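Okay, here's what each chain looks like letter by letter:
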Amino acid sequence: MIRSGGLRLMLLGVLAAGAMAGRAGAHPEVPGEAAGRPVAITAATVHTVSGGVVNDATVLIRKGRIAAVGKDVKIPKRAIRIDATGKHVFPGLFAANSDLGLVEINSIRATLDKNETGSITPNVKAWVSVNPDSEMIPVTRSNGVLLALTAPTGGLLAGQSAVLQLDGWTYEDLTLKPAVAMHVGWPAMSPVIDWETERSAKEQLADRDTALERLRGAFDDARAYAKARAADPATPRDARWEAMLPVLAGEQPLIIDADDLQQIQAAVAFAVEQKVKIIIHGGYDAPHCARLLKEHDVPVIVSEVYRLPLRRWEPYDSAYTVPARLHAAGVAYCISGGGRFGASMLRNLPYHAAMAVAFGLPAEAALEAITLAPAEILGVADRVGSLEVGKDATLIITDGDPLETGTKVEAAFVQGRPVDLNDRHKRLWKKYEEKYRRLESGPSR
Amino acid sequence: MLFRNGTIWTSGDKGILENASVLVVEGRIQAVGADVAAPADAVVIDLAGRHLTPGIIDCHSHMATDGGVNEGTQAITAEVRIGDFIDSDDVTIYRQLAGGVTAANILHGSANPIGGQNQVIKLRWGCLPEEMKLAGAPQGIKFALGENVKQANWGDEHTTRYPQTRMGVEQIMRDAFEAARHYRQQQHTWQKTGRGLPPRRDLELEAIAEILEGTRWIHCHSYRQDEILALLRTLDEFDITIGSFQHILEGYKVADVMAAHGATGSAFADWWAYKFEVYDAIPYAGALMHNAGVVVSFNSDDRELGRHLNQEAAKAVKYGGVAPHEALKFVTLNPAKQLRIDDRVGSVEAGKDADLVVWSGDPLAITSRVEQTWIDGRRYFDLEEDRELRRRDAEVRNTLVQKILGSGEEMAAEGEANVDESDLWPRADLFCHGHDHGHAQ
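Protein chains in written order, with this note's numbering: chain A, 2 to 446; chain B, 85 to 525.
Treat the hints with care, as some may be off.
[As the list claims (entries may be wrong)] A partial selection of chain B residues facing chain A, derived with a Cβ cut-off under 8 Å:
1) Ala182
2) Asn237
3) Asp364
4) Ile450
5) Glu498
6) Asp507
[Stated by the list, open to error] Partial list, derived from the structure: chain A residues whose beta carbon lies under 7 Å from chain B:
7) Val74
8) Ser108
9) Asp195
10) Trp196
11) Pro316
12) Ser345
13) Tyr352
14) Ala355
15) Val358
16) Ala359
17) Gly361
For the record, the hints were derived by calculation from the structure and aren't laboratory data. Owing to the predicted nature of the structure, the values given are computational and were not obtained by experimental measurement. We put the CB at the ideal spot given by N, CA and C, even for glycine.
Starting from the given sequences, assemble the full structure and let the hints guide the process.
Structural data, given as structure tokens:
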């Protein structure tokens, strides 16, 4: 455990407040409070990601930012000192895609806010629907994941995502950067033939062509709208096309869901045609078109590593080796922690990265793929992703490598504020430990 | 055959042995230890410090089935048998071998309170369906409780099949046991007296009667503590011991009752919140049940997750501090106990089948890989061989593509794909798996 009286007092204060908060639909973990004075994490092994590993180093936090990192840091007298001897400091882990805060329980419609009806809804914004009291949030950050893109899904133009920092009272506190990207569901380019698909191959191809026409049509309409507005400011505003302007201006990237080679190629062709920036999400076949992606500066968010081969004849580890192959080919990529259960499993993000290491990715690259790389791809590397002077003090203190299952996150900070690492699971664990303690020691019921 | 110079995780009383050997003779383990003498003609495999464990056993799988695993048309379908349609060509088998799985419990789905009969298999890739079956494995049957069987997440059109509540689920189990008991009594009476016509053989009641007689084990899909408790109370009344609770994500709340009954729990390591009845699921559940004296396993119920159950076992160390060697038992010896096949498999001990996995490093580390998987002393997966096969397949593929291109035949029009019939087979538990139908797991 952290041996600093200062931090312990601060954390205890936070926990006591949490206990008093009780339960009324909200999780009782109370957001952290700024210390009001500098915090120095000393004698730690600091994994900066951007500048290597520094042993026996100090991270100095001032006003929520990293003020200094290194061996010879002058620690202000009034600073709270946290002795992290034998501990490690890492940037907060960063999940580059999720539905965090938009989904509580997948099977209960009332708790779902990620898929707006209609296929062209570029104006919807994920961050305004993020529930800061989702039980997913404390569970996720307990394992070191302090940053996450949360995004709408469904249809062709699903809406806009935001980068969240996982501690705060409101969605505004949580939103590190709004309007990060516009999300696109790319239609399947080849017909899907399986037991669940009722549409014939021909019908599916017609559907695909209709979808692509609609997508292209949306861009045409948005451009026409921009022109009309420029020509006559009295032209009525249209929320959907207004939302498209940053995309058309090349300021906001599209994040396009695409796994299949044909989808990726078509998406890149679309980006060239429309002169817009894109990021591929999914990326299963991305290593097969590495040259194309590099030529057009298209980065890839590998949606998940724990994944089956998409085709029966492919090697058993074809999904496990995607990051290593992208790395070797020099494609800009990062690793996300997706999968069938969405945000509830986001805490396993570092294990996706570790699995990529088992299948050929260098360990340092894997760490970068869940810290700095997502920050760079999503345009927030000036704020987070590495331990550098001037960046947010959004970091974790651990007893080891977060890529190893047994590693425990012992403390976490979001913009310098200590994070309560309790969560629903630990609460229930303690509750039922108490039941068995009583059964063993107390009088029989 | 001698595996020597390795770190052996026995899953047995010997714990973890360093610099040790395993002697295999005719598919069985003959000796395990530091100084094992091998016959002169033994094939020696030098582990060179690598780790060797028992084969992974997945206590909840739907692989190797060539059709739906849910005969969900009625609330009780005890007569149907997974063993009647084992698909030995399912590529999932090979992929799971590559994750160290050597045996699995292939279960009926969870669409109804009393589902069909299970089949325990060994992953003898390349063998015929009958050869996949683990001969002598006790018979079992799938039971299910909660949201799936009351069709809670099936949509508004599914509101009339009985039962629609946990109250009804508790009653239908009783009804079934009473019916089976009466059926057996009638048979016995007729045998004794010979009066009247013999009772008509009823395959559904036969299977349920076998449960009452202790020759068929229940493997019950379950989540909430109330339904777990209610089933155990019912079973106690009928003097039935349950084979295993499956999923059992709230088992940690009634672990004392489970232990008293002798119930075992086969859970997910860290799944939660995919539906309401798992909102209280916690990753500490495995450790809590284990500490209460329940035999605990972690299963996959998923074709992907089944490929790294060793990593799931590691989560029992992370969440609740189970010792590493005990944690590995969650995916080796303990599922074998739950399936009552631990006399044959589940540990590296003399007399057991040589179902073994060679790992590149610590089997609980994510960064370790399976290098070899052995079943009955035969090698079914080998990393080197896999690379060779890839090269061979790529070559064949390329040759075929060139032949097609050189044939001068006209290309098929877009959308005129040849349909591979196997693509049309469902390979999942409809009511267990996502597919975005809103009734996951």
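Now the hints, each set against the structure:
Contact between Ala182 of chain B and chain A, as hinted, is supported at the beta carbon level, the nearest pair being about 5 Å apart and thus within 8 Å. The interface hint given for Asn237 of chain B is met, as the beta carbon of that residue sits about 5 Å from the closest beta carbon of chain A, less than 8 Å. With 8 Å as the threshold, the beta carbon of Asp364 of chain B comes within range of chain A, its nearest partner Cβ sitting at about 6 Å, so the hint holds. Proximity of Ile450 of chain B to chain A holds as hinted, the smallest CB-CB distance being about 4 Å (cut-off 8 Å).
Proximity of Glu498 of chain B to chain A holds as hinted, the smallest CB-CB distance being about 6 Å (cut-off 8 Å). Annotation: interface hint on Asp507 of chain B holds; nearest CB of chain A at approximately 5 Å, less than 8 Å. Proximity of Val74 of chain A to chain B is violated relative to the hint, the smallest CB-CB distance being about 33 Å (cut-off 7 Å). For the restraint placing Ser108 of chain A at the interface with chain B, the shortest Cβ-Cβ distance is roughly 4 Å, inside the 7 Å limit, so the hint holds.
With a cut of 7 Å, the hint placing Asp195 of chain A at the interface with chain B holds, because the nearest CB-to-CB distance is about 5 Å. Proximity of Trp196 of chain A to chain B holds as hinted, the smallest CB-CB distance being about 5 Å (cut-off 7 Å). The beta carbon of Pro316 of chain A comes within 6 Å of a beta carbon in chain B, closer than 7 Å, and the hint placing it at the interface holds. At about 4 Å, the closest approach between the beta carbon of Ser345 of chain A and any beta carbon in chain B falls short of 7 Å, and the interface hint on this residue holds.
For Tyr352 of chain A, the suggested interface contact is upheld, since its CB lies about 6 Å from the closest CB of chain B, less than 7 Å. For Ala355 of chain A, the interface hint holds, since its Cβ comes within 7 Å of a Cβ in chain B; the closest pair sits about 4 Å apart. Annotation: Val358 of chain A was flagged as interfacial toward chain B, and the flag holds, the nearest CB pair being 5 Å apart, inside 7 Å. The interface hint given for Ala359 of chain A holds, since its Cβ lies 5 Å from the closest Cβ of chain B, which is under the 7 Å cut-off.
For Gly361 of chain A, the shortest C-beta to C-beta distance to chain B is roughly 10 Å, which exceeds 7 Å, and the interface hint is violated.
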